[in-house]
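Protein chains: 2
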Amino acid sequence: MRVLGVDPGLTRCGVGVVDGAPGAPLKLVSVGVIRTSPGDEIGVRLIGLERGLEELLDAVHPDAVAVERVFSQHNVTTVIGTAQAGAIAIACGARRGLPVALHTPSEAKAAVTGNGRADKAQVTAMVTRLLRLDAPPKPADAADALALAICHVWRGGAQARIEAARIRQGRTRQ
Amino acid sequence: MRVLGVDPGLTRCGVGVVDGAPGAPLKLVSVGVIRTSPGDEIGVRLIGLERGLEELLDAVHPDAVAVERVFSQHNVTTVIGTAQAGAIAIACGARRGLPVALHTPSEAKAAVTGNGRADKAQVTAMVTRLLRLDAPPKPADAADALALAICHVWRGGAQARIEAARIRQGRTRQ
Chain S
1 MRVLGVDPGL
11 TRCGVGVVDG
21 APGAPLKLVS
31 VGVIRTSPGD
41 EIGVRLIGLE
51 RGLEELLDAV
61 HPDAVAVERV
71 FSQHNVTTVI
81 GTAQAGAIAI
91 ACGARRGLPV
101 ALHTPSEAKA
111 AVTGNGRADK
121 AQVTAMVTRL
131 LRLDAPPKPA
141 DAADALALAI
151 CHVWRGGAQA
161 RIEAARIRQG
171 RTRQ
Chain C
1 MRVLGVDPGL
11 TRCGVGVVDG
21 APGAPLKLVS
31 VGVIRTSPGD
41 EIGVRLIGLE
51 RGLEELLDAV
61 HPDAVAVERV
71 FSQHNVTTVI
81 GTAQAGAIAI
91 ACGARRGLPV
101 ALHTPSEAKA
111 AVTGNGRADK
121 AQVTAMVTRL
131 LRLDAPPKPA
141 DAADALALAI
151 CHVWRGGAQA
161 RIEAARIRQG
171 RTRQ
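Respectively, the protein sequence lines represent chains S and C.
Residue numbering for the first sequence follows the working numbering, starting at 1 and increasing by one per position.
Residue numbering for the second sequence follows the working numbering, starting at 1 and increasing by one per position.
These are computed hints drawn from the structure, not numbers from a lab.
The beta carbon of each residue, even a glycine, is placed where N, CA and C say it ideally should be.
One or more of the hints may lead you astray.
Some but not every residue of chain C turned toward chain S, in silico, with C-beta under 10 Å [unchecked claim]:
hint: 1; residue: Arg45
hint: 2; residue: Ile47
hint: 3; residue: Val65
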């Protein structure tokens, strides 16, 4: 299964695409960051992010999208931008009928390091090892998006299939 | 100018469309609520909301969209859903090249009642009077969306023109 992981943000939105299956080796497909300018009006930023995500979806055709769940513990002003960017990512996936899963940062960290409170360096080191990369993924802050994608691959396809069925059901109903 | 006001929410998203100009009488074009089911997965809800907004935009062709600015003072869990729904509304407007303005609830209340801390009954009463309706707008909780639209009409077209220029500039640049 191919998973797009999204670490949502307005200024920097991390995106990482991984191929894999529970118990099988993982393969890096794509990693990057979609940027929008803090000086731009919010509408411009959201459709800029949407355009970047659509281009990536067109290029890599993932089977599922995993988006970082917004944490209510965070600073509330940060939460608003993260929630807005996350909503765009969720809608881009759902609009294509893809299963969209939300995982918390702790779930992603625990999946790749075994520790839900692992620091950034540890997450990056494990993502590099698990994807058998020669060097840490660049840009560095997209490692979280890759960790999310890996987390989703390992949580298996069952949950994804249930969600896909839900989306199809929702579409028929509306 | 015709303004679509949006009071964002996942379960109930208030929408109100008003025709008017600073100093001229206001006219109600449309008022309603777009609902999505709390039992549905977030992706299904966001694209359901998007579909409702797109249908409304196709039907009424507003010149501008006014969305309630998410308040960081609010409960953070509520803020996440409001920010997600608001992002969809902002993106729907921006995608069509419409100017999208954000106004706080206080700005909308102050615009229609003269008091930024007016209660719901007072806002509804003034919206009813200003739009010269025979009865309060139904559903009642869409009155906030109408207040937002009226607030935007009265703040005049200058700001809207600046934002439209910014959106066009942003599009060319990307």
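Looking back at the numbered hints, which does the structure fail to meet, lowest number first?
none
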